[in-house]
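Peer 1: With chain W fixed as given, assemble chain A onto it according to the hints.
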Amino acid sequence: GENVEQHPSTLSVQEGDSAVIKCTYSDSASNYFPWYKQELGKRPQLIIDIRSNVGEKKDQRIAVTLNKTAKHFSLHITETQPEDSAVYFCAASWGSSASKIIFGSGTRLSIRP
Amino acid sequence: GAGVSQSPRYKVAKRGQDVALRCDPISGHVSLFWYQQALGQGPEFLTYFQNEAQLDKSGLPSDRFFAERPEGSVSTLKIQRTQQEDSAVYLCASSLGGELFFGEGSRLTVL
Numbered sequence: 173g174e175n176v177e178q179h180p181s182t183l184s185v186q187e188g189d190s191a192v193i194k195c196t197y198s199d200s201a202s203n204y205f206p207w208y209k210q211e212l213g214k215r216p217q218l219i220i221d222i223r224s225n226v227g228e229k230k231d232q233r234i235a236v237t238l239n240k241t242a243k244h245f246s247l248h249i250t251e252t253q254p255e256d257s258a259v260y261f262c263a264a265s266w267g268s269s270a271s272k273i274i275f276g277s278g279t280r281l282s283i284r285p
Numbered sequence: 002g003a004g005v006s007q008s009p010r011y012k013v014a015k016r017g018q019d020v021a022l023r024c025d026p027i028s029g030h031v032s033l034f035w036y037q038q039a040l041g042q043g044p045e046f047l048t049y050f051q052n053e054a055q056l057d058k059s060g061l062p063s064d065r066f067f068a069e070r071p072e073g074s075v076s077t078l079k080i081q082r083t084q085q086e087d088s089a090v091y092l093c094a095s096s097l098g099g100e101l102f103f104g105e106g107s108r109l110t111v112l
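Chains as they are written, first to last, in the working numbering: chain W, 173 to 285; chain A, 2 to 112.
Same shape as in the complex, but just chain A:
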């Protein structure tokens, strides 16, 4: 497809489990961003990549969060030992510079 694709759309995890969220950006988009959106809140910046380089990861809330984009295209956000406070929608966006094109998000629920 032509848009940003994220999978899974919904994920339920037991506390302590590891999860991996995938993002397929728009082909050719250099920049890729991850945001966390809690219910009723704005997207909170987590990290962003330019090609395969992770230029800023200052928004990652703890060392349980890890993101990678090894070939400068698909990106994976990994959360280890999930906690209830990790429950949120995780939005991926890609850009050529300027407008962000968002995916539908991955809704994570930690029980």
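The shape of chain W in the complex, shown without the other chains:
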């Protein structure tokens, strides 16, 4: 069945360093890959997304890369700041953009001052 695997489950980086979170998906029909950030006690919020016709997308300090052949996609955060501390979830969607979205298990990112 559809599955999204995410790693690492926890990540601690020094403020100013980069953080990378990786995900793999099972179904080659997946065509939409969003990333959500969830701060403690709050709702998940979209931070960036990528569609399968694009290999890389960047928004300021955040970038996402997609390797369709290997069924991998990654989130890169550069020049990390304390406010980047949160849980990050990757996700993948099958079929049309209105179809269900399956989430990974999350990465708890901590930024050390």
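These are calculated hints, taken from the structure and not from any lab test.
These numbers come from a predicted model, not from an experiment.
Incorrect hints may appear among the rest.
Cβ-to-Cβ under 10 Å is the rule here; a few derived chain W residues that face chain A [stated by the list, open to error]:
(1) Ala201
(2) Gln210
(3) Glu211
From chain A, some residues computed to sit far from chain W (all C-beta separations above 12 Å) [claimed, not checked]:
(4) Lys15
(5) Gln18
(6) Leu22
(7) Arg23
(8) Asp25
(9) Glu45
(10) Glu69
(11) Glu72
(12) Ser74
(13) Asp87
(14) Ala94
(15) Ser96
(16) Val111
Glycine included, every Cβ here is placed at the ideal spot set by N, Cα and C.
Peer 2: Quick look at chain A alone, frame taken from chain W:
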């Protein structure tokens, strides 16, 4: 308001009780999703609607779980004969296609 609204925010139920969780999506959003999020885990897909049609309910863990969206707007997730393992945050999200907009969630605790 402009966002997805869920109620109640917190619900404590005794084992065996029935509960109903409500979701008011963003006006005009065609798609509505329900997720279950256990502590420290990612959102687990339960079901989703396109307008009033329930297109996928493969994530509902048992026949004790039932969701409806009769007029294509407000949705209700009902859990019958609650069990302790049902304790979780139930997240509702709506979408026009693409980005999911989540509500604050309903935290269910079954004693």
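Peer 1: Confirm or reject each hint.
Peer 2: Going through the hints against the structure:
1. Ala201: 15 Å, violated
2. Gln210: 9 Å, holds
3. Glu211: Given a least distance of 12 Å, the restraint on glutamate 211(W) is violated.
4. Lys15: 25 Å, holds
5. Gln18: Given that every Cβ of chain W is farther than 12 Å from that of glutamine 18(A), nearest at about 25 Å, it holds.
6. Leu22: Consistent with the label, leucine 22(A) stays out of reach of chain W, its closest Cβ about 15 Å off (over 12 Å).
7. Arg23: 16 Å, holds
8. Asp25: 14 Å, holds
9. Glu45: 7 Å, violated
10. Glu69: 17 Å, holds
11. Glu72: 18 Å, holds
12. Ser74: Serine 74(A) is indeed farther than 12 Å from all Cβ atoms of chain W, at 16 Å.
13. Asp87: With a cut-off of 12 Å, aspartate 87(A) remains clear of chain W, as the shortest Cβ separation is near 19 Å.
14. Ala94: Alanine 94(A) not clear of chain W: closest Cβ-Cβ about 8 Å, inside 12 Å.
15. Ser96: 7 Å, violated
16. Val111: Per Cβ check, valine 111(A) is outside 12 Å of chain W; nearest 20 Å; holds.
Hint violations for this structure: numbers 1, 3, 9, 14, 15, all remaining hints satisfied.
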